[in-house]
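Each chain, letter by letter, is given below.
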Amino acid sequence: MSSLAVRKAAPAAGTTPGTAQGPPLRGRIALVPTLTLLLGALYCLLPVAWVVIAATKSGRELFSTFTFLPGTGFTQNIKDLSAYRDGIYWKWMGNSALYAGLGALLSTAVSAVSGYALAIYRFRGRETIFNVLMAGVLMPPVILAIPQYLLMAKADLTDSYASVLLPLVLSPYGVYLARIYAAAAVPGDVVEAGRMDGAGEWRIFTRVALPMMVPGLVTVFLFQFVAVWNNFLLPYIMLSDDEKFPITLGLFTLLEQGSNTPALYTLVITGALLAIIPLVALFLVIQRFWSLDLLSGAVKS
Amino acid sequence: MTTARRKPYGVKGAPYGFLLPATILFVLFFALPIGYAIWLSLHKVQVKGLGLGAGARNEVWAGLRNYTDALTDSELVAGALRVAGYGLIVVPVMLGLALVFALMLDAEKVRLAPFTRLAIFLPYAIPGVVAALLWGFLYLPDVSPFYFILGKLGLPQPNLLDGGPLFLALSNIAVWGGTGFNMIVIYTSLQAIPAEVREAAKLDGAGPLQTALRIKIPMVAPSLVLTFFFSIIATLQVFSEPTTLKPLTNSVSTTWSPLMKVYRDAFNTGDIYAAAAEAVIIAVVTLVLSFGFLRAANSRTKQEEAR
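Taken in order, these protein sequences are the chains called A and B.
Under the numbering used here, the first residue of the first sequence carries the number 1, and numbering increases by one thereafter.
Under the numbering used here, the first residue of the second sequence carries the number 1, and numbering increases by one thereafter.
Keep in mind the hints are simulated off the structure, nothing from the lab.
Relax, there's no trap hidden among the hints.
Coverage of chain B stretches by chain A, computed from C-beta distances (three or more under 8 angstroms per stretch; other residues unrestricted): (1) 35-47; (2) 113-126; (3) 232-240; (4) 254-265; (5) 284-298.
For each residue, glycine too, the CB sits at the ideal point set by N, CA and C.
Produce the complete structure using the sequences and hints provided.
Shown next as structure tokens:
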């Protein structure tokens with residue numbers, strides 16, 4: 001893991017290195033790279049564009065008109081989706097927001113306090129604890145999920161909100177990122193100065209170190225939010241009451257029923273579109289003041 | 001509040017206190033389940049009489065029986081082969097594309113880089129289930145634009161949800177979803193290449209392609225190794241994409257991937273002992289393959305350094 005050590009001086013998002021000196025050939029465009037990237041962008045946006053347009057079609061238009069021709073049924077589709085089983089779709093959305101929001105918050109808190117301890121203190125067993133926590137990354141979720149389910153069943157916790165929330169709170173990658181950010185953002189002298197002033201360790205952490213770690217912790221929060229929002233296996237195993245389903249599982253059950261009745265296709269498609277809007281919007285908004293590069297552990301000096 | 005006498009103790013004990021929540025969570029949700037899975041995999045249930053009443057069903061020691069059963073199970077082996085084939089497509093294509101896009105973003109005088117970077121990264125924000133669902137519809141002849149165009153041109157329309165094309169269809173979903181994140185990881189380490197190195201290459205008369213092959217790719221090798229490592233782990237555990245495509249086609253069985261078989265054995269067939277043994281085997285194979293790759297990559301780097 002040491003090969004991933006703190007990378008310094010990563011330029012801010014959006015700047016292209018090498019062009020800072022203003023080359024004389026300002027107007028020239030590097031054609032091959034630009035076109036390759038545009039092709040890549042097209043490939044990545046295609047299914048998204050498709051779902052945006054397909055969601056505007058009524059059930060009949062979906063099968064009769066050209067795919068990329070907008071339809072007339074968008075508001076009706078949303079009404080139908082909201083009416084489906086007394087609005088259970090919005091319940092699923094709310095559940096996903098709860099699992100991802102609360103889960104990511106708890107996860108960030110645990111990552112922050114663990115990463116800080118691993119970065120700032122020198123103590124016996126530090127590397128052992130770190131390596132053992134990191135080994136968690138390598139554990140296939142399934143080897144965990146089945147015994148987790150059986151153990152939860154013994155504690156009578158299956159089919160509860162807690163059964164989906166709790167197993168995801170400890171995120172090895174979150175601890176790893178928090179350790180990098182703490183090491184880069186919290187100078188040892190500041191901690192030492194806090195001790196001179198007679199502040200306790202917990203107080204130094206919450207009052208001094210935590211504010212310095214905030215930009216990195218935003219990344220941990222986002223990473224974990226996406227991980228929980230996108231999770232399928234754990235809720236699929238833990239939950240049977242569809243009132244507690246997150247959106248991924250809800251859409252899956254809708255598709256399962258819809259495959260026999262094409263009338264449900266429009267609901268699935270509209271549901272898929274609405275399900276991707278929150279995360280896409282989150283990234284579009286946040287990338288204005290947050291760099292994607294932080295996600296891979298880059299730290300600006 | 002803190003007296004001078006208590007302080008040294010506080011400093012010494014503090015990291016352990018700070019790590020307490022993580023440790024408790026690790027024990028409860030990682031160590032305990034792993035231990036329990038291993039315990040289960042070594043046991044089986046023995047039914048006395050009609051299996052009614054208390055004590056009629058006992059868990060007894062099974063030795064390695066569950067493991068030998070799993071390893072000789074033709075369904076599990078077939079699933080493993082399918083996933084191996086799938087992985088041989090996904091990992092090279094996804095990482096190849098990620099590397100190419102990262103190098104292009106890093107090229108000089110490239111236009112629209114912020115836009116394309118965000119667009120290529122976008123699928124990361126889309127859940128695997130939804131991605132499989134979107135592509136699933138794009139593969140369905142009734143609603144797909146590809147079939148519409150092929151039909152208009154009078155070209156043959158292959159069934160993407162069957163046989164060989166099904167592998168490509170599933171691989172495409174994984175490539176689409178994973179390229180952006182890996183691109184960001186590689187791009188981040190490209191940006192860490194010092195400006196002097198770039199300048200030196202330019203002064204030596206190296207073109208963009210030569211710079212990329214001789215300088216940039218070797219310098220970002222550690223991040224390539226890392227993305228490879230995590231891609232192998234993710235690929236061997238493929239579950240939600242084929243599960244999502246299942247309602248759309250009969251060609252995806254309930255045991256298409258090894259994980260799907262583990263799920264079926266645990267929850268549909270109800271044989272948690274066999275499922276536990278299969279899960280342990282998948283975990284061991286994953287660890288052996290991913291660490292084997294890491295060791296091979298490390299020893300190669302060392303050889304090259306020695307030269």
